[in-house]
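Please put together the full structure from these sequences, using the hints given.
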Amino acid sequence: MKREQYCFTIGYNGGDAIVDKQAMTRYGKKSPRELADLGFYKSALAAALFDGDREGQEYVLERFNGKSGAGIADTGTLVRVLGIIPSWDEISAVRYV
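Quick note: the sequence shown uses the working numbering, first residue 2, plus one each step.
Hints listed in this document are in silico derivations from the structure and should not be mistaken for laboratory results.
Because the structure is a prediction, the values reported are computed rather than measured.
One or more of the hints may lead you astray.
Within a straight-line C-alpha distance of at most 30 Å, the following computed DSS-like cross-link-like pairs (lysine-lysine) qualify [to be verified]:
#1 22 - 3
#2 43 - 22
#3 30 - 68
#4 68 - 31
Estimated spans, in silico, between C-beta atoms of each pair [what the hints assert, rightly or not]:
#5 70 - 14: 11 to 21 Å
#6 72 - 97: 33 to 43 Å
#7 63 - 87: 13 to 23 Å
#8 87 - 14: 17 to 27 Å
#9 16 - 72: 30 to 40 Å
#10 93 - 71: 30 to 40 Å
#11 72 - 3: 25 to 35 Å
#12 81 - 53: 12 to 22 Å
#13 93 - 67: 33 to 43 Å
#14 67 - 15: 31 to 41 Å
Ideal placement from N, C-alpha and C gives every residue a C-beta, glycine not left out.
The following block contains the structure:
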């Protein structure tokens, strides 16, 4: 699975990732910080995870908490809240909508 696909996965059907093709095409090359600044928190966190960017993950967490007031303590919790599967290796196919 490519980074852009992972970042713009909006759901799953079994082992298939369902990807927002329009958003992926428009925003797929953006950094985690750029995505977070645009309000794409799920995509931003997925990008930071895929890139192994710990600072980017923390930035997304800070931006998310600042905007939502949720007070989430760590990025692991935010991964669960946003519904991100942290291992892209588990995806067997990609479908576009």
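Going back to the hint list, which numbers does this structure go against? Hint check: 5 fails alone, others pass.
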